[in-house]
Amino acid sequence: MSICVTDLVKRHPGAAAPALAGLCMKVPTGKIASVLGRSGAGKTTLLRCLSGLDPFDGGTIDVGGVTFGAGAKHGSFGGKIGLVFQSFELFPHLTVLDNCTLAPRVVRGEARARAEARAKELLAELGIEDKAKAYPEALSGGQKQRVAIARALAMEPSVLLYDEPTSALDPALKHEVGRTLRRVAGTGVTQIVVTHDLPVAREASDLVFVLDKGRVAAFGRPDEVIAEAA
Amino acid sequence: MLKRRLAVTLLLLLPLLALVAPGRALAEESETAPAPARNAVAEARARGELRWGNDSQGGAPYVFQDPMDPNHLIGFEVDFAAALAKKLGVRARPVQGQWDGLLELLARGDFDVVVNGIEVAEEKKRVADLSRPYYVAAMRLTVRKGDAGAPRTLEALRGRKLGTLPGSLAARLATREGAEVKTYDGGQNDIYDDLRIGRTDAVLLDDPITLYYGAIDPALEVVDGSFGEVSYAVGVPKGDAETLAAVNGAIDELAKDGTLAALYARWGLWNEPTEKLLGGPKPPSTVVAEAHDAWRAAVGKPLPFWSRVTTRYPATLGLFARGALLSLVVSVLAMAVAVTLGMALALARVYGPKPLQWLAVGYIELFRGTPLLVQLTMVYFGLPELGVTLSPFVAGVIALGLNYAAAEAENYRAGLGSVPAGQMDAARTLGLSKLASLRHVALPQAIRVALPPTTNDFIALLKDSSLISVVTLTELTKTYTSLASAMRDHLGLGLVVALFYLGLSLPFARLSRSVEERLGSKVRRPASA
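Sequence order for the protein chains is L and C. Here the first sequence stands for residues 13 to 242, numbered as in this note's numbering. Here the second sequence stands for residues 215 to 743, numbered as in this note's numbering.
Calculated directly from the structure, the hints in this document are not laboratory data. Every value quoted in this text rests on a predicted model; they were computed, and no experiment measured them. Here a beta-carbon is modelled for each residue, glycine too, at the ideal position from N, C-alpha and C. Each hint should be verified, as a subset may be incorrect.
[As the list claims (entries may be wrong)] These stretches of chain C come out as covered by chain L in the derived footprint (C-beta under 8 Å, 3 or more residues): (1) 490-498; (2) 681-692.
[Stated by the list, open to error] Pair ranges (Cβ atoms, derived): (3) C:569 - L:239: 23 to 31 Å; (4) L:123 - C:601: 45 to 53 Å; (5) L:141 - C:554: 46 to 54 Å; (6) L:210 - C:554: 23 to 31 Å; (7) C:628 - L:230: 28 to 36 Å; (8) C:532 - L:123: 49 to 57 Å; (9) C:565 - L:16: 50 to 58 Å.
[To be verified] Only some residues are given here: those of chain L computed to face chain C with a beta carbon under 10 Å: (10) 78; (11) 97; (12) 103; (13) 164; (14) 166; (15) 186; (16) 187.
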């Protein structure tokens, strides 16, 4: 489903300028959008507002035709928007499989067998089904990332957000990220990737937004925008 | 959600109230409202037994464990209480309590009467009523044999170190004479031990104690002459006229029919002032001081360690095991209270709204910053003023539990603090509620960090549980101090009790290590960046 952000405003208490100053962006269903920008441009704030971790002060977020306004409470997107953290934040006390089944079981009350069957499918799609019984500490960075993606997808979100997906990975693994994003896009999930990694943004995304001072300063196809920015 | 918050708030408030309220009640009520009088003797008759309070740690010849068979309580007051109960038409059942708190325990309703060398003195009558005396003891001064500078008169006590029992006439007398008075909560044995090794210069105590502890020590000498007289009376609940009359009547009969005279003679305690007091027949000349002889034979000369191990200690093991079981059960239950309440406090402090945080901090500081003994005393002796009379067992569990909850709360707070904020964020972006995030994500990780200090606390609690002896429970430490006093053996029995404590704590230390290892293999921080 598509996501449309209109005039999003977010002020941090005590800060002179708003972190988000009327930001607008729209990403069509199943597309991959990269969000670029210098630090302080509002990338992290955007992610935290979109994922429901922080409330926002103005504007709307529209996900698949459902509109959320300012003051919407944490988590009120009802699992429609997932987030893959920069440091993945896998649950270290749970196996890979349990990481992926916790939310479906606790939030949706799914039976263990059903949740596990779905989680195994997702892990297989991402090529890490053999790690189902492992604990996160036994995984490489790339494997952790794919578990984090599978964990988010297990809640069947319409939109999946990524915070710097390449920063914790070996350079050799970076091209894997693009492939993973494409695979996920194939299932119809809309993806927004916050990154400073220009090659990945260029190769993997359909759209690029450049943020500056809490607004979208430029957007378009990667070849247009990144050439401009460079 | 609101209900739950309210419940947590109440849970936190309750112990605070309990701590604050009794103090106020004490101040307001002590002068105005006298406690409603009991009829203890009627209660005893309905029950078929007379619960008489005593402290077996006080030792011979009053109430003590038979050194040859410590499973039996013996003493001239055991015989006296049995005769008294018989006259009242019931069985006698001894109930253990700390000696200097016996009258308070009586006032609280834990006993029907107190029979344990309670001296007739005005200050005692404030807490309880006293029967007519049943024995008169002379006060004797004991010094080290061959100590040329030893104080041998009351006047010579000025500035000297004198050992005696707390709250006794001897203590008041010696204080008045300007002596430096040292009182002992432990056994009477300790008082004479300290004299022998020179920690004190003299001991002033009642005749019976002197006879059983001072006179049998070849290194000590009892100074000739009496240094005053002290009468023993039965403590009965204040204002309980029926019981007072019944006890007085029974003592009269026991004096007249010669029961008391024969009893005292058997213990080697018959003396002239008592003869005058009782006014009855003298003991028959056929009665010998067999009980005193038995005591001398049992403890007069200390046995070598190994023969004590083989002949004396086996009979103590059952008592130690019973004491250990009580210590363990109280500790486990108190820990359950501490863990549950501690968890609620930690969650309130870390995740609760501001007022709840303040309450939690207040609770933690209050309970961590005041002595456990004060809290236990307030719960056991203070709450009855508010109409809440807890059994010794429940009071012990609650006081220990409330106190340790503060320590546990801090452990869990540290544990929760060690869980990165990103973990809660991750749980919430997956749609988990705050409570579900805590339960499934933060707590399981926090527990691993909190487990080692919690085990530590449990072992500390196991040892602190010895404090429940002040509320009449004979746990492991009390078992030891009583036996040590009755058998005049502190070192050897000390090793035995140490083994019992280790036997209790080591399995838990081991269990915790193995749980830690099991969790440790699973719970490690994900390598970030």
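Hints, one by one, checked against the model:
For the segment 490-498 of chain C, the stated coverage by chain L is violated: 0 residues have a C-beta nearer than 8 Å to a C-beta of that chain, whereas at least 3 were required. Residues of the segment 681-692 of chain C lying with their CB closer than 8 Å to a CB of chain L number 0, which falls below the three-residue condition for coverage. At roughly 57 Å, the beta-carbon separation of residue 569 of chain C and residue 239 of chain L lies outside the given 23 to 31 Å, and the hint is violated. Restraint check, residue 123 of chain L to residue 601 of chain C: a C-beta distance of roughly 51 Å satisfies the suggested window 45 to 53 Å.
The hinted range of 46 to 54 Å is not satisfied by residue 141 of chain L and residue 554 of chain C, whose Cβ atoms lie roughly 41 Å apart. For residue 210 of chain L and residue 554 of chain C, the hinted distance range of 23 to 31 Å is not satisfied, since their beta carbons lie about 54 Å from each other. Range check, residue 628 of chain C to residue 230 of chain L: Cβ separation about 48 Å, and the 28 to 36 Å hint is violated. Between residue 532 of chain C and residue 123 of chain L the beta carbons are some 54 Å apart, a value that agrees with the proposed interval 49 to 57 Å.
For the pair residue 565 of chain C and residue 16 of chain L, the supplied restraint of 50 to 58 Å is violated, since their beta-carbon distance comes to about 34 Å. The interface hint given for residue 78 of chain L is violated, since its Cβ lies 15 Å from the closest Cβ of chain C, which is over the 10 Å cut-off. For residue 97 of chain L, the interface hint holds, the least distance from its beta-carbon to any beta-carbon of chain C being 6 Å, beneath 10 Å. Look at residue 103 of chain L: its Cβ gets to within about 6 Å of chain C, closer than 10 Å, so that hint holds up.
Evaluation of the residue 164 of chain L hint against chain C yields a held restraint, the C-beta minimum of about 7 Å falling below 10 Å. Checking residue 166 of chain L against chain C by beta carbon gives a least distance of about 8 Å; that is within 10 Å, so the hint holds. With a least beta-carbon distance of about 15 Å to chain C, the hint placing residue 186 of chain L at the interface is violated under the 10 Å criterion. For residue 187 of chain L, the interface hint is violated, the least distance from its beta-carbon to any beta-carbon of chain C being 20 Å, above 10 Å.
Hints 1, 2, 3, 5, 6, 7, 9, 10, 15 and 16 from the list above are not met by this structure, while the remaining hints are.
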